[in-house]
Amino acid sequence: MMPDLPLWAAAIVSFLLVVAGVFALTGSLGLVRLPDFYSRIHAPTLANTLAAFCLVVSILITASFGQHRFVAHSLLVSFFLIITSPVTAMLLMRAAIKRQLRHELEAREKAPKQGETASE
Amino acid sequence: MNQILYLASAFALGCFVLGMVLAVFRLSTGPTMADRVLALDTMYINGMLILLTLGLRFNSPLYFDIALLICIFGFVGSVAMAKFLLRGEVIEP
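So the protein sequences, as listed, match chains A and B. Residue numbering for the first sequence follows the numbering used here, beginning at 167 and increasing consecutively. Residue numbering for the second sequence follows the numbering used here, beginning at 635 and increasing consecutively.
Derived by calculation from the structure, the hints in this document are not laboratory data. It is possible that some hints are incorrect.
Claimed, not checked - So the derived list for chain A, only partly shown, Cβ under 7 angstroms to chain B, looks like this:
hint, residue
1, 201
2, 246
3, 262
We put the CB at the ideal spot given by N, CA and C, even for glycine.
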C-alpha cells in the first residue's frame, strides 16, 4: 500500500493533508455562507487552488520517497489549476455582471415609465 | 508512523466530501445561474482532490491521470457554461 516514510516526512505530509482539507472545506463553506455572488466567487477560487497545491506537494513528497528519486509530475495539476482558475473566475464574473446589468435595464424600462409620465 | 498518514488522509477525504456536499447544496438552491456554474466548478475541483487523495492512499499512479483529465475537462466545461451565460451561445461564427 503506502510506502514507508520516515517520521519527519510523514509528519510533513499529514500536516499538508490536514491543511488541504481545511482549506477546501473553507472554500466550500464560503460558497454557502457568503451573502451575494460577487463575494461568493472569492472563496472557492482562492481556497481550492491553495488546497490543491498543498495536496500536490504532499503527493510529491510521498511519491519521491516511494520511488527513491525526485518525482515532480504531480506539480502539473497545480500548474494547470493555477492557470485555469482565474480564467474561469473572470469569465463567470463578467457573465454575472452583464446579466445583472441586463436585468436592471429591463426593470428600469418596465417600471419607471409611470415616474417619467408623472414628472412630465 | 503510517498510522498518522492514514488518519490525515481520512480527515482530508472527509473534508473534501463535506465540501462537495456544500457545493451540491449551492448547486440546487443557487439564486442566479452564475452561482450554479460556480458551484459546479467547486464540485469538480473537490472531486479531483478526492481522486488525488485516493491515489495517495492506495499508492497507485492511475488516479493521478484521472485527476488531470478531470482538471482539463472541468475547465473546458466551466468556460463553455460561462460563455453561454455571457453571450447566449458557446461557439460564435
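Hint by hint, here is what the structure shows:
1. 201: violated, 11 angstroms
2. 246: holds, 5 angstroms
3. 262: holds, 4 angstroms
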